[in-house]
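Chains as they are written, first to last, in my numbering: chain H, -11 to 303; chain C, -11 to 303.
If you're looking for bench data, these hints aren't it; they were derived computationally from the structure.
There's no promise every hint is true.
One copy or two, either will do: identical chains are not told apart, so a pair holds if it fits within one copy or between any two.
Said to hold, decoys possible - Below, computed lysine-lysine pairings styled on BS3-like, alpha-carbon distance capped at 30 Å:
| # | residue 1 | residue 2 |
| --- | --- | --- |
| 1 | 243 | 93 |
| 2 | 266 | 16 |
| 3 | 8 | 93 |
| 4 | 93 | 123 |
| 5 | 123 | 111 |
| 6 | 111 | 154 |
| 7 | 18 | 266 |
| 8 | 74 | 16 |
| 9 | 213 | 274 |
| 10 | 8 | 274 |
| 11 | 8 | 258 |
Number of protein chains: 2
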Amino acid sequence: MDSRNGSEVESFFESAPSLKNANIVSQKLKEFIDRNSRSSESGGPIRVVCVTSGGTTVPLEQRCVRYIDNFASGYRGAASTEYFVKAGYAVIFLHRLGSCQPYCKYLLEESFLDLFELAEEDKIEVCQSHGAEVKKAIREYHAAVDEGQLFRLPFTTIFEYLQLLKLVATSMSPLGSCGMFYLAAAVSDFYVPWQSMAEHKIQSASGPLDIRLTQTPKMLSVLRKDWAPFAFCISFKLETDPDILLQKANAAMNKYHMHIVVANLLATYKQEVIVVTKEGKASIRKHGEHDDVEEQLVNLLVEKHSEYLEKPETS
Amino acid sequence: MDSRNGSEVESFFESAPSLKNANIVSQKLKEFIDRNSRSSESGGPIRVVCVTSGGTTVPLEQRCVRYIDNFASGYRGAASTEYFVKAGYAVIFLHRLGSCQPYCKYLLEESFLDLFELAEEDKIEVCQSHGAEVKKAIREYHAAVDEGQLFRLPFTTIFEYLQLLKLVATSMSPLGSCGMFYLAAAVSDFYVPWQSMAEHKIQSASGPLDIRLTQTPKMLSVLRKDWAPFAFCISFKLETDPDILLQKANAAMNKYHMHIVVANLLATYKQEVIVVTKEGKASIRKHGEHDDVEEQLVNLLVEKHSEYLEKPETS
Chain H
-11 MDSRNGSEVE SFFESAPSLK NANIVSQKLK EFIDRNSRSS ESGGPIRVVC VTSGGTTVPL
49 EQRCVRYIDN FASGYRGAAS TEYFVKAGYA VIFLHRLGSC QPYCKYLLEE SFLDLFELAE
109 EDKIEVCQSH GAEVKKAIRE YHAAVDEGQL FRLPFTTIFE YLQLLKLVAT SMSPLGSCGM
169 FYLAAAVSDF YVPWQSMAEH KIQSASGPLD IRLTQTPKML SVLRKDWAPF AFCISFKLET
229 DPDILLQKAN AAMNKYHMHI VVANLLATYK QEVIVVTKEG KASIRKHGEH DDVEEQLVNL
289 LVEKHSEYLE KPETS
Chain C
-11 MDSRNGSEVE SFFESAPSLK NANIVSQKLK EFIDRNSRSS ESGGPIRVVC VTSGGTTVPL
49 EQRCVRYIDN FASGYRGAAS TEYFVKAGYA VIFLHRLGSC QPYCKYLLEE SFLDLFELAE
109 EDKIEVCQSH GAEVKKAIRE YHAAVDEGQL FRLPFTTIFE YLQLLKLVAT SMSPLGSCGM
169 FYLAAAVSDF YVPWQSMAEH KIQSASGPLD IRLTQTPKML SVLRKDWAPF AFCISFKLET
229 DPDILLQKAN AAMNKYHMHI VVANLLATYK QEVIVVTKEG KASIRKHGEH DDVEEQLVNL
289 LVEKHSEYLE KPETS
């Protein structure tokens, strides 16, 4: 991290509107991490992963009517959360409010009311076509919550996201190399600093509208260096141009000292990802219609995390 | 409508990426309107309302990763749709994909899975605390769909929204003054014309990013003048500054020849709206916690529509 980025990071946090309920969130996070640490005494080392998911918004006005957003349904983060839970991880699911949720990924996008009918005596029944899926989802969701393996933390703006990420990371820091970051959220590269933002809705008078956006400081460097220096870190690189994808993924790995960068193209991100490490790259492809890349991806990452736990000095 | 706006409208539609499935949507719309027109023979004139809801996105790249969005949960449009159905209207619900849906407004935002449990023998049960609400929602939703009173049409971008609005309006035109437009969607005042848009994801090289947005042509004028000249038209005006709200609402009414403009402030839009007509203004306030402004608002508009049907020459 160069010193210019350092001062930009400082100024970002100083000028950001303060997080609501920061103390309560911090306390709950601590309890979640402590509880899961305690339960590990029976077996191997406890592992906690922070999965970030969905896009951040960049408000264009302080009393926000308009904002810039990033394309991200949150499917990848939601699906991956399920597989991390299955692999025994405790998951902090730091997600965009309203984005795709774990155990809901098979459900219809438009209206969950289509899944249900009222039968005789006012009993609710699931439509036959989706019965098995919905029941499985309800069962697995409640199991994850009851076991205390799932902590959901929503954000909307880039200001909320980065403050929450810092809070989660510093809370996870005591876990050392047992902590993992799976940074699948689509974080805006640009933002409008709070103090230079219009207070009221920008008026559509005559003529075009010019907007100047500032580069978002590179927080991945700070996460690795200061917030949780021993955690196992995976970031994502999404591009639309295949010619620059791997080069950008490699650059991100070296610049931010990520252990792994998962590279994907907008056009094929549901079918294929490329897992880039210092040692090389591996492609993961979806096999069939009912399969998804996330299951294979998470299994590979769990394996890599195990190797890292044996030799954390490679960080 | 001045001629400059006219040529801007033309150029907007010429350069917009074409609508997917336009023919199928057009056919289904026609069937929905025809079916509802036929069923009116037993009673008074059939009324059809197009409720627009949620915000439009403005893509910043052709292979879209980033976009500008408007704050709008879609609550108002979804709730109003329920009250229009209750009042006997057939509703074309033109809504942002993923925004609030009719009959879902009381449900938790985060995860509908929290509402359900698996009881013995794999039966699905609704949690006691929400049982009555969820059953009512499922019952009313299926009744509206079974009666053929609800037609849902999703959009995401401003290109999709305006092309669909044109399609709906011209399809509803034969209904004359029995048609109503309840334009609650938050439509972007600015956009990036398709042909001047970057093809690939904008790279975050060094330095700030400058974006130039063009004013969106004023489609309300065209809707009133050309697409559905006899329909009863209600538009919405949202501002953050109370000092300019009524002046902007009046200006919109005169400029676009709306029959009614509903004015609201971002800070209080759930508690109060002001219904502005040529004759004056009326304020509608939420009474209690379980009440909403939409019920009173829709009832008032249905009344105004009845008056208009008796004297459509006031258009």
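Evaluated hints:
| no. | hint | in the structure |
| --- | --- | --- |
| 1 | 243 x 93 | neither (34 Å within a copy, 45 Å between copies) |
| 2 | 266 x 16 | neither (36 Å within a copy, 54 Å between copies) |
| 3 | 8 x 93 | both (29 Å within a copy, 24 Å between copies) |
| 4 | 93 x 123 | both (13 Å within a copy, 23 Å between copies) |
| 5 | 123 x 111 | both (16 Å within a copy, 8 Å between copies) |
| 6 | 111 x 154 | neither (46 Å within a copy, 42 Å between copies) |
| 7 | 18 x 266 | neither (33 Å within a copy, 59 Å between copies) |
| 8 | 74 x 16 | within (23 Å within a copy, 44 Å between copies) |
| 9 | 213 x 274 | neither (35 Å within a copy, 51 Å between copies) |
| 10 | 8 x 274 | between (40 Å within a copy, 27 Å between copies) |
| 11 | 8 x 258 | between (34 Å within a copy, 21 Å between copies) |
Consistency with the previously given hints fails for numbers 1, 2, 6, 7, 9, ordered from lowest to highest.
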